[in-house]
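Line by line, the protein sequences give chains A and B. FYI, in this note's numbering the residues of the first sequence are 1 to 317. FYI, in this note's numbering the residues of the second sequence are 1 to 347.
Any given hint might turn out to be false.
Stated by the list, open to error - No more than 25 Å apart at the CA atoms, straight line, and that leaves these computed lysine to any residue pairs for SDA-like:
| no. | chain 1 | residue 1 | chain 2 | residue 2 |
| --- | --- | --- | --- | --- |
| 1 | B | K142 | A | F98 |
| 2 | B | K142 | A | S241 |
| 3 | B | K189 | A | Q239 |
| 4 | B | K142 | A | L136 |
| 5 | B | K344 | B | K141 |
| 6 | B | K301 | B | Q343 |
| 7 | B | K96 | B | M267 |
| 8 | B | K142 | B | N199 |
| 9 | A | K297 | A | M217 |
| 10 | B | K189 | A | G50 |
| 11 | B | K141 | A | P128 |
| 12 | A | K132 | B | N144 |
| 13 | B | K191 | A | S46 |
| 14 | A | K202 | A | L103 |
| 15 | B | K141 | A | L146 |
| 16 | B | K142 | A | P145 |
| 17 | B | K96 | A | Q35 |
| 18 | A | K180 | A | F98 |
| 19 | B | K235 | A | L126 |
| 20 | B | K189 | A | F259 |
| 21 | A | K132 | B | N199 |
| 22 | A | K297 | A | Q239 |
Quick caveat, the hints were computed from the structure, so don't treat them as lab data. Source: prediction; values computed, not measured.
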Amino acid sequence: MRRSADDRLFRLTTGAFAAMVLVIVVGIGIELTRQSMLSIQKFGWSFWTGRTWDPVAGEFGALPFIWGTLYSSLLALLLSAPIALGIAIFISELSPRFLRQPLAYLTDLLAAIPSIVYGLWGIFVLVPIVRKLELLTPEPLRRLPLFHGPPLGVGMGTAALILAVMVVPFSSSVAREILKNVPSAQREAAYALGATRWEAIKVAIGYGKTGIIGAIMLGLGRALGETMAVTMVIGNNPQVSLSLFTPQYTMAAVIANEFTEAADELYLHALIEIGLLLFVITIVVNLASRLLIWSTKKRAAELVVLASPATKEEIAA
Amino acid sequence: MRKILIAFLLVGAACKPEAPTSNTVPASSGTITINGAGATFPYPIYSKWFSDYNKVHPDIQINYQSIGSGGGIKQLISQTVFFGATDGPMTDEQLKSAPGPILHLPTVLGAVVPAYNLPNLTADLKFTGPILADIYLGKVKKWNDPAVARSNPGVALPNLDITVVHRSEGSGTTYIWVDYLSKISPEFKQKVGVATAVNWPTGVGAKGNEGVTGMVRQIPGAIGYVELVYALQNKIPFGAVQNSAGEFVRASLDSVTTAAASAAANMPADFRVSITNAPGRGAYPISSFTWILMYENPTDKQRARVMVDFMKWALTDGQKEAPALGYAPLPKEVVDRELQALQKIQL
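In isolation and in its complexed conformation, chain A is listed as follows:
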């Protein structure tokens, strides 16, 4: 009797904590909407598609910032995913035992570096290197939309690089843990069937696929919201361009840059609406990654179902 009362109390308390998360998220949404009413009423949907950001004339459109955020995060993901996975595989599967702990510790340490430090490193080390690379880009390549523009060293490409470096430790730590938790029976079974080392690793990756996608998506979440380091190297010029060379802008960066000096009401509301858009986009991206994880999980489950009768037959044979 007493025991069930304890259980109920425990459930209520933890339930209240869980509900708090929900309340906070909904509260943020409501508050952001309320505080950006002026801009929502004035611009409506054109806020999403407008390309002009003119605080003097009071004309605000968020498209360049939305584009910059999504494009830089996507590029960072493309760069970081293979590297993060490679680090995770090396540490969990291939590394000599004595190197394993120090390597894992060092990658985790990368995540602890404040982003302003990454930003300063970006300005003083990465930017000159990128500019040299840009100057070396051959003329025919420069005509492509991807490499168009003057070689400044600051711009979308540099921002994506720095984001990738910042995202790698997050993705690789989680991926490493996932691989570590793959039951050794999986690998042993693969070896027993005469698999090479690479094939055995592939089996382990296949087993942990959902978790690994989750690890990469965690990195995406981090990239979407990163502010300081990006604003220091992206060039802060609101334009929509495919080029890695041109200066662009992100949502988080424009909020950080302009919020303190936004004394005008409409201007302030427009900035808060950018925050609202970032909030919505983050939710959508997270939902999409959930769906992706969910669908791979389902497919994996189907595979297991398909595979199990076969193994039984094999055993029987």
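Following the hints, complete the assembly by docking chain B onto the known chain A.
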């Protein structure tokens, strides 16, 4: 072990709030704390002033948060701070939205200079206002453009692209720069306008004076505007600018104070004046006051008396500390008028 640790932490937490109270109990009746917020540009001298003032008056503690001019104005209007500080004067609209009349008190002067990176160039460049406006409008794209060459006879200008660097965040420095360019060029005024953050037609945005300085250093052919203090500290080359008398003047503490003195003749009673493109010989054209903002009729009379006393000190003895920190001191005419204006504050 863990229990001991927790006990230790608890004791520590319990002690913490007690320690300062026991220290301040005897003085607490006399200790006055005043909070202010605003512009980042004058932060170094304000914090020096407040700490020096505190040494003379140990019972007075003035705190200043350098959150930006816009933030300072907002907090002053919502009365969450006792005084504000700004690099650009408040607009009529902002003054109207405040619960009471607000006094603008100039404290020191700053200047903004065009810094550039042209390798192998030994001579200092000279800029006219229209050239700077056209560069920042994206119309002049090369360093060897005839317009640049005309004001720099005998200088071998390279065939290099101009990379425009501006501030990415809202800033009083931007305000002074675009205020000057808008006075010089009607086209700039119409296309860009005057504010702490504007829609730049061209260029790269960098964060803070240090960001602009860093970016200009890194990119050959770059031009950026930075506060005089930063250009001097970082020993980055910067150009002379033509003033309204037709002379090319290099920014220095003297030429900035001269600009303020020549503008003082037409100073409005509320001190809300832009002194960019000031008339008179020897005046550097891209200079500005920075202001402390106070209510004329504050409800807290005790704090008001302290603040007025502090302002009197800052305008007289405090001015002597300005040059060492890279700020131009106020001309005597302005100080005299301000000391009079301080009497408006109802104590």
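Okay, the hints, checked on the actual structure:
no., hint, in the structure
1, B:K142 with A:F98, "violated, 58 Å"
2, B:K142 with A:S241, "holds, 24 Å"
3, B:K189 with A:Q239, "holds, 22 Å"
4, B:K142 with A:L136, "holds, 21 Å"
5, B:K344 with B:K141, "violated, 51 Å"
6, B:K301 with B:Q343, "holds, 14 Å"
7, B:K96 with B:M267, "holds, 21 Å"
8, B:K142 with B:N199, "holds, 22 Å"
9, A:K297 with A:M217, "holds, 15 Å"
10, B:K189 with A:G50, "holds, 23 Å"
11, B:K141 with A:P128, "holds, 22 Å"
12, A:K132 with B:N144, "holds, 23 Å"
13, B:K191 with A:S46, "holds, 22 Å"
14, A:K202 with A:L103, "holds, 22 Å"
15, B:K141 with A:L146, "holds, 23 Å"
16, B:K142 with A:P145, "holds, 24 Å"
17, B:K96 with A:Q35, "holds, 22 Å"
18, A:K180 with A:F98, "holds, 16 Å"
19, B:K235 with A:L126, "holds, 23 Å"
20, B:K189 with A:F259, "holds, 23 Å"
21, A:K132 with B:N199, "violated, 29 Å"
22, A:K297 with A:Q239, "violated, 39 Å"
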